[in-house]
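So the number in the numbering used here is just where the residue sits in the sequence shown, counting from 1, plus 445.
To be clear, the hints were calculated from the coordinates, so they are not data collected in a lab. This list has only true hints and no planted wrong ones.
Below 16 Å or equal to it, Euclidean Cα-Cα: the simulated EDC-like pairs (lysine to aspartate or glutamate) are: (1) Lys681 x Asp715; (2) Lys681 x Asp707; (3) Lys681 x Glu603.
Everything numeric in this text was worked out from a predicted model, so none of it was measured.
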Amino acid sequence: MVAAPRGLTPRGGGAAPGFAEPAGAVAPASGPAAGSGRHRALTTGRTRTVATNFDARGRRTVRALMAAGAVCLLGGLTMLGPAPVSIAPSLDAPVGHPALPVPDPFSPAAPVVDGVLAQLVTGKAPTPPVRAGTPPVELVLPARDLHAPVVAVTTGPEGALVLPEPPSTVGWWSPSALAGGAAGPTVLAGHVDSLAGGLGALAVLRNVADGEEVVLRGADGRSVGYRVTTRRQYAKAELPPEVFAAGGPPRLVLITCGGAFDRRTRHYSDNVVVFADPV
Numbered sequence: 446m447v448a449a450p451r452g453l454t455p456r457g458g459g460a461a462p463g464f465a466e467p468a469g470a471v472a473p474a475s476g477p478a479a480g481s482g483r484h485r486a487l488t489t490g491r492t493r494t495v496a497t498n499f500d501a502r503g504r505r506t507v508r509a510l511m512a513a514g515a516v517c518l519l520g521g522l523t524m525l526g527p528a529p530v531s532i533a534p535s536l537d538a539p540v541g542h543p544a545l546p547v548p549d550p551f552s553p554a555a556p557v558v559d560g561v562l563a564q565l566v567t568g569k570a571p572t573p574p575v576r577a578g579t580p581p582v583e584l585v586l587p588a589r590d591l592h593a594p595v596v597a598v599t600t601g602p603e604g605a606l607v608l609p610e611p612p613s614t615v616g617w618w619s620p621s622a623l624a625g626g627a628a629g630p631t632v633l634a635g636h637v638d639s640l641a642g643g644l645g646a647l648a649v650l651r652n653v654a655d656g657e658e659v660v661l662r663g664a665d666g667r668s669v670g671y672r673v674t675t676r677r678q679y680a681k682a683e684l685p686p687e688v689f690a691a692g693g694p695p696r697l698v699l700i701t702c703g704g705a706f707d708r709r710t711r712h713y714s715d716n717v718v719v720f721a722d723p724v
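Let's have the full structure, built from the sequences with the hints guiding it.
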């Protein structure tokens, strides 16, 4: 609301803005009709005052202009005022309802996520499972041009290995470790020869040298490589028990017969044992 200037009283006592005569002025007794729009002199004693009269059209015009000015003023205040306050709801938890905790993906209580999503969530690659060994199905000695089939064997009633026939086939003692297993010896054995079959596949063990390569091919198609570390010859009665002992580091043990041949018993006196470590 705009205050009226001092010495002027709003016409009719209303609140609408307008112009008023000065206090003590006397209205004209005669002359041109009011609202003619012409200036006329008013005399009060010696004082001569010039007043301005407006007809109905003039008063409407003034009111319209003043109303427009008020609108412009209010518009200016709106444009110059503070920025509007957002009435969007707050994202904070409502009063009286505490915010729910966000689980830590690295805490034990967090949900377990398996597979590509756990990389995206924790940033760590999953630990690959330890691959189990494989039953050997072929023995290869590249330096000796040897490729021998391998079959699973076990022990007989007297505790001796039941070796396969013909001697060109090698037996894998099935209670021993698988090829490529994580621990223990993988034991293969075979005849050095036979009356019907001639020389056996493992007859070459008598000449194998340290450092030679040995390969076992598994039933799943894998190839497990070894390198010869030691060749030993033991009397059959003195074969060390650790050759067949479970546990320990993974290794390959190849066994065949050697030493003197007893024609009466048709047995050899010794065993030739070759040890090889995985590569």
